[in-house]
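Residue numbers (our numbering), protein chains in the order written: chain W, 139 to 358; chain S, 38 to 381.
Worth double-checking, as some hints may not be accurate.
[To be verified] Heads up, simulated DSSO-like pairs for lysine-lysine below, C-alpha to C-alpha not over 27 Å straight-line:
1) W:229 - W:269
2) W:229 - S:368
3) W:221 - S:206
[As the list claims (entries may be wrong)] Stretch-level coverage of chain W by chain S, calculated; a stretch enters the list once three of its residues show a Cβ under 8 Å from a Cβ in chain S:
4) 199-207
5) 306-312
6) 330-341
7) 344-356
Since the hints were derived computationally from the structure, they do not count as laboratory data. Note that beta-carbon positions come from the ideal geometry of N, C-alpha and C, so glycine has one too.
The chain contents come next:
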Amino acid sequence: MIEIQNLKKTYRVGDVDVHALRGVNLKVERGEFVSIVGPSGSGKSTLFHILGGLTPPTSGTVHIDGRDLLGMTDAERTDLRKKSVGFVFQKYNLLPTLSAQDNITIAQDIAGRPQGFDPQFEEILGLLGLKGRLHHKPRALSGGEQQRVAIARAIVNHPAILLADEPTGNLDTQNSDAVLGLLRDLNTRLGQTILMITHNPEAAAYGHRIVKMRDGRVVE
Amino acid sequence: MLSAVAIGVQVTMILTLVGVSQGVLADIARNSRGTGADILVRPPGSSVLAFSGDMPQGIVGLVRKEPHVTMVSGTKVQSIGNFDSITGINIGEFSAMSGGFRFLEGGPFQGPDDLLLDEVYAKAHKLHAGNTVELGLKWHVAGVVESGKLSRMFAPLESLQEKYSAREKVSVVYVKVDDPKNVQAVIDSLHAKLEDYKVFSLDEFVSLISVDSIPILKRFTNVVVGLAVIVGFLVVFLSMYTAVLERTREIGILKALGASPGYVMSILMRETLALAVAGAIAGILMSYGTQWIMKVFVPTMPMLIVHAWWPWASLIALVGSALGAVYPGMKASRQDAIEALAYD
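Let the hints inform the model, and build the full structure from the sequences given.
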C-alpha cells in the first residue's frame, strides 16, 4: 500500500539547508491504522506532506498504491490529492462560508465526481452523527462536529489513505474519544488505511501500531 | 458590495456620456425638424454641427428666386460661450416656415434687445418674461416659448448682426419648397449655383447628426471607455487581491483537497464575473439616477437611456474586471498549499 525507502527531504531556508527527513523507511499495509508519534521537528508533518502530495520528496522512493511520488509533476501530485489521499487537520480547515454538506461535496466537485451521497456514504454520515447537522455552517458546529465533517470530507472520494494530522489536538477529551473511535470504526468497517500523527499516547494507542520518529528518521 | 458599486460607477459613467451625447444630438435633430424647412444651406467648409460659420445674407435672396421655393429664412448663430448660442431670426419668415412659436410667457420681440428663450433654458436659468439677462451683452427676455424649434435662444436677426459686428451675414439658410418631390431638384440647382456651399435636405442633415460626425466627441467617448476599463481593472484588482490574501488559508484547504490551479482560478473568475454582472446592473440602474440629475440640474443637456449601449458598457466592465482578476488569480492558484494552511 505505502512503501517508503530512504526518503529524504531537504528544505532551503535562506542560505541554510534544513534536513527535515534523513532517510525514512516505512511500510504500511492496506487497511492498517498507524499512529506516528514524535517530538516537534522530528519530521512527522513533512512525511505527511510528502505522502499527501503537498510537497515533493528530495530523494528516496515513496510508493502509494504502486505510484511513485518521486519525480511526480505538480499536476500529478494534485491528482494524487484529488483521488488517493484524504486529509484531516488539527484545525478542521472547513471552508467557513459553506455549509457542512457543501464542505463535503466541494471535495467531490474538485475530484470531478457527481455531487451527492450514495447509500454507503449516507450510512457513514449516520456513523459520524452528522445527518441532522449538514445544513449548518461551521460556525454553528462544535469542534467535535467540525472535525467529523472534516473526516467525512476526507473520505467522501474513497481515498486509498486517510492522513490525520493531530485530529484531536483542538478537542476536549470527550470529543477526542469520539473522533478517535470514529476513525477506528472507519478503519474496521471500511478497511480504510489511516496514518495519524499525534502527540498524545492515548490517542496513539487507537492505531494497530505506533511508529516513532526522531530527527527525521523512524526510530521504532 | 462596494466593489460592485464601484464597477457600477464606471458603467454609469459610460452610459451617461453616451446618453448625453445622443440626447444632445437628438435634441439638435428635433430642433432642426422643428424649423419646418426642407433644405439647409450652409457656408463653404462648415462642419455638420458647427452652425456659426458665416455667409453673405444675399444668398437668402438668391435662394428665394429658385423655382419651387416657397419660403426662405436666413439665420445667424452667435456663440456666447459655455456651449450656448443665440440664433438671430427674422421672426416673420421663421414663423411662417415653422408654424410660429407657442408662447408660454410674454410675446414676440418688441425691441432690438429682446430675447426669446425656450422653456428648457428659461427653467434651467430661472428666467421669465420681463427679466434682464447678461449673456456677454444685456438682453431683455421678451418671451418664453415651447422648445423644439431651431434653438434655445432667439434674437432679432438684424439686432444680433449689429451687436456682433456681422452685418449682412447669416449662418444657415432654411428653405421650404412647394412639394417634397421637388427637394432634390432644388438642391441640385443650388449646388450648381452655389459652388462649395453645403446644401442638404433636412433628412440628409438629420442623418448626419451622429457621434461619428463629431470627432472630438468620439475621441472623448473612447477616453472615457479607456478610463472605465482602468477603473474596473483597479477596483477588481484591489478587491480580488485583498480577497486572495484574506482567503489564503481557504485556498490552501482547496489545494489540499486536490484543487488544481485552474480550479482555484475559475473560482476567482466566477466571483469576478458575478461582481461585474452585479456592477453592470447597478450601473444601468444608476444611469437612470444620472438621467434624473441631468434633467433637474442641467436640463439643457438632455440625456437618453441608450439601451444599445447596455451590453457594451457591461462588456467593458467585464473586460476591466477580468483583467483585474488575472494577477490575484494567478497568485492564488500558485499559492503553496503548506504555507497557505499554516496561514492564520
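(request) Tell me, in ascending order, the numbers of any earlier hints that this structure violates. (result) Of the numbered hints, 3, 4, 5, 6 and 7 do not hold.
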